[in-house]
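Please take these sequences and the hints and turn them into a complete structure.
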Amino acid sequence: MAMAKNKIRAKISANIFIRSSVVLACFTAVNLCAIAFSGLAVVKPMPKMAAAIGESTTDTKPTSGLRNRFANPQLFYTLKGHSGGIKSLAFSPDGLTVASGGSENDGYILLWDVAKGRKKGIINRAQKTAVQSLLISPDGENLVSCGSDSSINIWNLKDNSFLRSFVNHSTNVMSLAVTPDSKVLVSGGIDGIRVWDLLQRRPLGTLTKYDNLIYTLAISPDGQMLASGDGSGVIKLWNLSTGKVIRGFVAHSNTVSSLTFTRDGNTLISASRDRKIKLWNLNTGKIERTLTGHTDWVNAMTLHPDGEILATAGRDGVRLWNLNTGELITSLYAHSDWVSAIAFSPDGQTLATGGFDKRVYIWRSM
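Here the sequence shown stands for residues 89 to 454, numbered as in our numbering.
Worth flagging that the hints you see were computed from the coordinates, not collected in a lab.
A portion of the hints provided could be inaccurate.
Unchecked claim - Here are the simulated lysine to any residue pairs, SDA-like style, with alpha carbons at most 20 Å apart:
hint, residue 1, residue 2
1, Lys-246, Asp-227
2, Lys-216, Asn-260
3, Lys-207, Lys-271
4, Lys-216, Gly-169
5, Lys-207, Ser-180
6, Lys-246, Pro-181
7, Lys-297, Leu-328
8, Lys-271, Asn-327
9, Lys-446, Glu-192
10, Lys-216, Gly-414
11, Lys-246, Lys-332
12, Lys-364, Asn-412
13, Lys-332, Asn-260
14, Lys-366, Met-313
15, Lys-446, Ser-171
16, Lys-332, Lys-364
17, Lys-246, Glu-192
18, Lys-446, Asp-435
19, Lys-366, Leu-292
20, Lys-332, His-392
21, Lys-364, His-392
22, Lys-366, Pro-309
23, Lys-364, Val-338
24, Lys-271, Thr-330
25, Lys-366, Thr-348
26, Lys-332, Arg-351
27, Lys-446, Gly-205
28, Lys-366, Gly-395
29, Lys-446, Tyr-196
30, Lys-364, Ser-320
31, Lys-216, Asp-237
32, Lys-271, Thr-259
33, Lys-207, Asp-182
34, Lys-216, Asp-279
This one's a predicted model, so the numbers in the text were calculated from it and none came from an experiment.
Printed below as a string of structure tokens:
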């Protein structure tokens, strides 16, 4: 692969990864080729495919002590099917399916076969307008979506059948979170935060009403704490059992766009439209580290299952960070518009990114 000034430029295809007993497709900066699994034969270049594809750029930087192979992710699939931008992504627990939710005037949920890089299902008009957020429950049973139409919809992931709608919100629902045991669902929006029994599919209560605009939610690994981020940059921590606020603090100078807990539950990571990502020590309440490098809004983020890599998505592309050192590992520029959704697969081998260019990209560690 041609390299210059730590940049890797690769020609990519919508079907760059070909699974069979004989051939694995690969790519170079010049053309596409096919290599036998035996490693003994190289099939002639495929110029027609190479001529029909676009260009992706990856900036790589050296990192100290990074054991994960995502230091050099490769683009395997480009998934097309949405008529609008991609607002949300979620992997199934087995990692075989990724769900994507469309933005304004799309409202569809598409289900993709991750191994084959093709569409395997569709939920028509899952939301009347945009699918603002979606998740797949940890037990793999339910797909849940919410949207600007104020509704929350629940689907059986096995057959895509509709199960139930929650319509207690009075306006836009922006975010969803679920406890690790798949029992409790939390939703946040313009009119506050509501809690639901996902097994019985009934409301449990309201944590707050009209407390600014709730943009994002996250639940701790033990299922006891809820974090919420709002449009004014404030983060609040809630006791999910009692519904009481533990504490709140101004975290950013702009909207808190994404939240996630580390695996041990001791650190909360926040991303914002102020272009910063911050790591908060929940025992001391202090900032452990601030990651800077995005030049515009940070829209979404996902934590690698090993807890060492954070992937962030923004108006200026995708960044991967070494959380142990705070170093920038690499930057991905395949999308031609804002990147608004991002997710790691449960096994950590695949990264999905979605953007306003109406595409989902599937990246693999090498």
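Distance restraint between Lys-246 and Glu-192, which requires alpha-carbon spacing of 20 Å or less: violated (26 Å)
Lys-216 paired with Gly-414 [C-alpha distance capped at 20 Å]: violated (40 Å)
Lys-364 paired with Asn-412 [C-alpha distance capped at 20 Å]: holds (17 Å)
Restraint status (C-alpha distance of Lys-216 to Asn-260 at most 20 Å): With Cα atoms ~11 Å apart, Lys-216 and Asn-260 stay inside 20 Å; holds.
Proposed proximity, Gly-395 with Lys-366 (alpha carbon, max 20 Å): Roughly 15 Å between the alpha carbons, so the hint for Lys-366 and Gly-395 holds.
Straight-line alpha-carbon gap Lys-271 to Asn-327, limit 20 Å: The given pair, whose Cα atoms are some 16 Å apart, holds under the 20 Å limit.
Pair hint Lys-446 and Asp-435, alpha-carbon separation not exceeding 20 Å: violated (26 Å)
Restraint status (C-alpha distance of Lys-297 to Leu-328 at most 20 Å): The given pair, whose Cα atoms are some 16 Å apart, holds under the 20 Å limit.
Holds or violated: Lys-446 to Ser-171, with C-alpha atoms at most 20 Å apart: holds (7 Å)
Holds or violated: Lys-207 to Ser-180, with C-alpha atoms at most 20 Å apart: holds (14 Å)
Pair hint Lys-246 and Lys-332, alpha-carbon separation not exceeding 20 Å: Not OK: Lys-246 and Lys-332 at ~36 Å, beyond 20 Å, violated.
Holds or violated: Lys-271 to Thr-259, with C-alpha atoms at most 20 Å apart: violated (24 Å)
Checked against the numbered hints above, the structure violates hints 3, 10, 11, 13, 16, 17, 18, 19, 20, 26 and 32; every other hint is satisfied.
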